[in-house]
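Peer 1: Please work from the sequences and hints to get the whole structure.
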Amino acid sequence: GAGVSQTPSNKVTEKGKYVELRCDPISGHTALYWYRQSLGQGPEFLIYFQGTGAADDSGLPNDRFFAVRPEGSVSTLKIQRTERGDSAVYLCASSRSSGSNHEQFFGPGTRLTVL
Amino acid sequence: QKEVEQNSGPLSVPEGAIASLNCTYSDRGSQSFFWYRQYSGKSPELIMFIYSNGDKEDGRFTAQLNKASQYVSLLIRDSQPSDSATYLCAVNSRSGNTPLVFGKGTRLSVIA
Chain P
53 GAGVSQTPSN KVTEKGKYVE LRCDPISGHT ALYWYRQSLG QGPEFLIYFQ GTGAADDSGL
113 PNDRFFAVRP EGSVSTLKIQ RTERGDSAVY LCASSRSSGS NHEQFFGPGT RLTVL
Chain S
688 QKEVEQNSGP LSVPEGAIAS LNCTYSDRGS QSFFWYRQYS GKSPELIMFI YSNGDKEDGR
748 FTAQLNKASQ YVSLLIRDSQ PSDSATYLCA VNSRSGNTPL VFGKGTRLSV IA
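Top to bottom, those sequences are chains P and S.
One rule links them: number in my numbering = place in the first sequence (from 1) + 52.
One rule links them: number in my numbering = place in the second sequence (from 1) + 687.
To be clear, the hints were calculated from the coordinates, so they are not data collected in a lab.
Hints may contain errors.
[As the list claims (entries may be wrong)] Interface residues of chain P toward chain S, partial, derived using beta-carbon atoms under 10 Å:
{"hint": "1", "residue": "Q58"}
{"hint": "2", "residue": "P60"}
{"hint": "3", "residue": "Q93"}
{"hint": "4", "residue": "G94"}
{"hint": "5", "residue": "I99"}
{"hint": "6", "residue": "Y100"}
{"hint": "7", "residue": "D138"}
{"hint": "8", "residue": "V141"}
{"hint": "9", "residue": "E155"}
{"hint": "10", "residue": "F158"}
{"hint": "11", "residue": "G161"}
Backbone N, C-alpha and C define an ideal beta-carbon position, used for all residues, glycine too.
Peer 2: As structure tokens, then:
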């Protein structure tokens, strides 16, 4: 079956601009996670959704970052007034909501470069 | 602050040898443990998960968990050059769907 998909694969923007990153989870997965990975580091948690609601947004670095999942499937991560420090690979993952296994499966990521 | 620690490497092993990757975690209440493989420029790929103390084997991979020592490891038998990648240890601090805390990863190089 289809895995997690993310668009765009690469995004180059200028400092101060607004960007949107999209994630389409595995069909049937109700939990969706956003992580950010910088070079030489492991993924760092940003926010996660159970259905349509944000169950935990404690990883968002500041109020320039916001994410939505209005219909409980596709999610969009929104970054306002981008800064050079926002440059990273933004990873989305999804997992099942029920049962004992909650393995998270990652999409290919969006590489964001802020000039 | 929940932490997951890994030796960054690189860990170099000859082809056919056993590669041993180690990980420690700080949150004693952690419930689930995962190993992801990440090739350069690619996203993490889940290769093993373990929930109970002891060993879990899947093909050439064995995950080992010791909750008392807060230690989890991954053994790769008969290492191949294609196993060369960064291996990320990830820990889920509660049961069910919760965010993972990742280590920085260990870079493995299998020399032909």
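Peer 1: Provide an ascending list of the numbers of those earlier hints which the structure does not satisfy.
Peer 2: 2, 7
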